[in-house]
Amino acid sequence: MENRFNELMEQSSELPHGDVKIEILEEAIRIADTLQDEERGFYARMELTDTANFAGRFEKVIPSFSWCLAQLDKAPEYYHEFYLLWQYKWVLYNLSEFPQIQQDQIEDTFNDFKNRCQQYGYSLRPYYQMKIKYAKLHENHNLAHSCFEAWLEQPRDDLSDCYACELTAQAEHLLHIGQVHAALAIAEPIFKQEVSCAEVPHITYGPFLIPLLENDSPELANEFHQSGMRLIGQKQGFLSTIAHHMKYLTVVDPNAAIHYMEAFLSEALISHTLDTKFQFFLACSILLKHLDPETIATMQLPDHITSAWIDEEVKRLAQQFDQRNQTHTYAKEIAHTTHQINALKQKYGNATTPHLS
Amino acid sequence: MENYHFKVNLKGMIDLLSNHLYSTPHVFVRELIQNSVDAITAREKHLNDPKYKGQIDIEIHPGEDHPTLFIQDNGIGLTEDEVHQFLAQIGQTSKRNADGGEDFIGRFGVGLLSCFIVSDEIVFVTRSIQSDYGIEWRGKPDGTYTLNKLKDRVEPGTRVYLKSKTGFDTYFEQKSVAKWVRHYGEYLPYPLYFHDQNRIQLNSRQAPWEMNTTEALAYGKSVLQQDYLDAIALESALGDVKGIAYLLPYPVQVNARQKHRVYAKNMLLSDHMDKLLPEWAFFATSILNVNGLSLTVSRESFHDDARLELVRTDLGNCIKNYLIQLVEANPKRLQEIIQIHYKSIKALATTDDALFQLFINWLPFETTLGRITMSEVRKNHTKVYYTTSVDEFRQINKIARAQGICVINGGYVHDSDLIEKMQWIDPTLITEKISPTMITQKFNDLVPSERQTTYTFIKLANEILQPYFCKAVIKKFEPHHLPVLYTTSEEALYLRTTTQTAEEVSPLFSSIMQKITENQVHTETAQLCFNYHNPIVQKLINTTDNQLQKSTIEMLYVQALLLGHYPLKQEEMNLLNEGLTQLVDRGLNQEENK
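These protein sequences, in sequence, are chains A and B.
So that you can map any letter, position 270 of the first sequence is 270 in this note's numbering, and since no number is skipped, the others follow by simple counting.
So that you can map any letter, position 5 of the second sequence is 5 in this note's numbering, and since no number is skipped, the others follow by simple counting.
One chain only, chain A, in its complex shape (with noise of 0.2 Å):
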């Protein structure tokens, strides 16, 4: 059984992070479980966080994380924080991810995470980066604007995330507040490919589309959209970035839009991550919207997945989110971004559309 779990792990070190890695993983995991070896056990699951976490299954991140967490809690002088710490930053950014996780436990998450980092002496930065997110959610704009400056604020250490991650940061923050300009300064490093890291640029792009129209730039905007689908190509766990850009061409190229829709649908169908979903769902809601019944009888999509059946499923995960978070975000976010598409659509739509190969 040994061997098995060393050729399992042999095997998933090779595989891109995708579902066929997690598997692989995963069975590695039960391997040590059932042997009780905690050391493989350990191993294993930080392998299955990075992987989990990159592919978009944040529904397996959980239980793995925890359970490394509790290891080092129980045995600190065996294992090293350091790394736990950084997937921590991964858990904070993605647990409003789940409407059925109650506000005060992402509080209470948020601040074991804040005396974990006091605790081993490193830099608040991360936490405060992560809070825009969750104070953004929760259209607490005060929060978000202080947490974003305390982040500025705090020194930069290693648990930081990387300078391109950190540009990128900011620039979805400017983007969020509209100020374009000062986003695409930010971000120039990043376009100049003198950063870049796993993720970045890759991620960079998306949220520019959109602004970028209707900021009177459809050719740089068009630019960002090649780049940027360039390269993330077929791989998995970029959903809320493919529909920014499935949003874009809604506007400029519907038909073109279709394609990602078909390629990405069966990743959002099983994913547990409902903000990103509810992003990806969205989109391609407001996609079939713009195209001809006798299009859409084309595509190829599993039988009950109907243009109504989205819509359905957006306005319930909307609902979802909305309860949890006392606020009205995400239903205004439907009606905001269904308006938005609809006025670039008129200001776009009679013009000649950008060349798109």
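Sample of chain B residues with no beta-carbon within 12 Å of chain A, all distances over it, derived:
1. Q225
2. N380
3. Y455
Listed below are the simulated DSSO-like cross-link pairs for lysine-lysine, each with C-alpha atoms no more than 27 Å apart in a straight line:
4. B:K275 / A:K192
5. A:K347 / A:K289
6. B:K259 / A:K192
7. A:K192 / B:K265
8. B:K53 / B:K242
Chain A regions said to be covered by chain B (calculated; three or more residues, Cβ under 8 Å):
9. 67–75
10. 98–109
No lab work stands behind these hints, which were simulated from the structure alone.
We put the beta carbon where it would ideally sit given N, CA and C, even for glycine.
Given the coordinates of chain A, assemble chain B onto it according to the supplied hints.
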């Protein structure tokens, strides 16, 4: 208002270059040759005289304390003004001419910087073809330099003297320099001489990208020491690229990093560059000569832009078209290739319909009947069954095999995508995703009289298994010697893992996991299917000893979990312990009673 220039700390920059930008200190050899090559190219362009022939000479002087490298070219040379200019340009790399080409002088400066990684003084003697006197320039890493007009007449061209600094002598050894010069410049289209006791020409006669398949394979064997499976000519007019793709003679993992040997205008750029072929082409390595792509600052890779993407597609098409023509021209060779590289061909087929149709029948799949090709699957079965995960496949493998059902393991990368794609390509073909539960549904049901005799037994089993989110059923299936079959779905398994993990983590995360799972709709729970044909199960149904019946059901459940490699939850561990103790106790008591 006045303009000022601020000073850049040259030492700091050199440190930056040597530690971050260049992959090895050897690059100074490359940069020196590159400067000569650029000077010769510039002179060719300027003169437009077919009689002019470029030449580069290299020599090592042992020296008293440290060796000195000497390199000379008969290129365009620099004027006094240009010498000042190129120093002012150090670090300014993206400057371009009006004609879109890189600025010759600007690039020169950056290249020379890399020399300071190995030397404390660069002496640079040059005469421009447009000037009638030569210049001697001496530069130091602190950014200071001197400039002298030479009284003696020198030929147009440039000579560089580079003395090793302490600790870097090994980079100046004759053998080592000759090796690196050849490494970078052996395919330059004009002579490259190394002066030892004799004059040795370091150029090779024919570049790999000018070879035909046979020559290329021979080159692979003798020079690269690899017996490649095949060699394919590559060409992209857009990037002005020519090359050879070698098919690796051993399987490579999906997404393995590609390593290509890339020349830019006949000079070696890197022997481990990636991203030049499409991702799916990881079964190939290539040698390429590129003239029309722009380089990054380090000059060790190309800008990953839209143009590179198009070139990549061009090169990918060369490989694709070659494989396609093999179907007719050399099916045996194709089979060899597929046997080794079916993984990447599968990757390719998922996104390319034409290739999919050509290759799908040749591709091997793991099935309950062993590893067979799709055409073999289709020959004997009108319907193609598959699982989407390795785990599900393992659960049903034995059962399906015993019943002669062919199920494909779709759990490997691309496999289920390919199978799902089949029905879009060929509507006559029926594919069906199968789960372990569906397999058990295909088992034979009991007749009413048998149902009656098993009714209380199954009711009891359900009561016992209910706390473990497991349902009990009884059916008839092959093989008879298997008493029970435990099947689970991905959802049920996830539920099992989280509840198991929640027992071991902090209260905070335990409560979070409870929240995540509590609202999940449990459409499919795990299932324990008893085999009516199995003798033990028969005895179990018929026993009147309730306690024995109960603990045997529990033990069969735990055993099924262990056989399926599912780690036990605390409660299940207790079942195992109690059950074993009871059975042992019972056995010993019987012994006593005899």
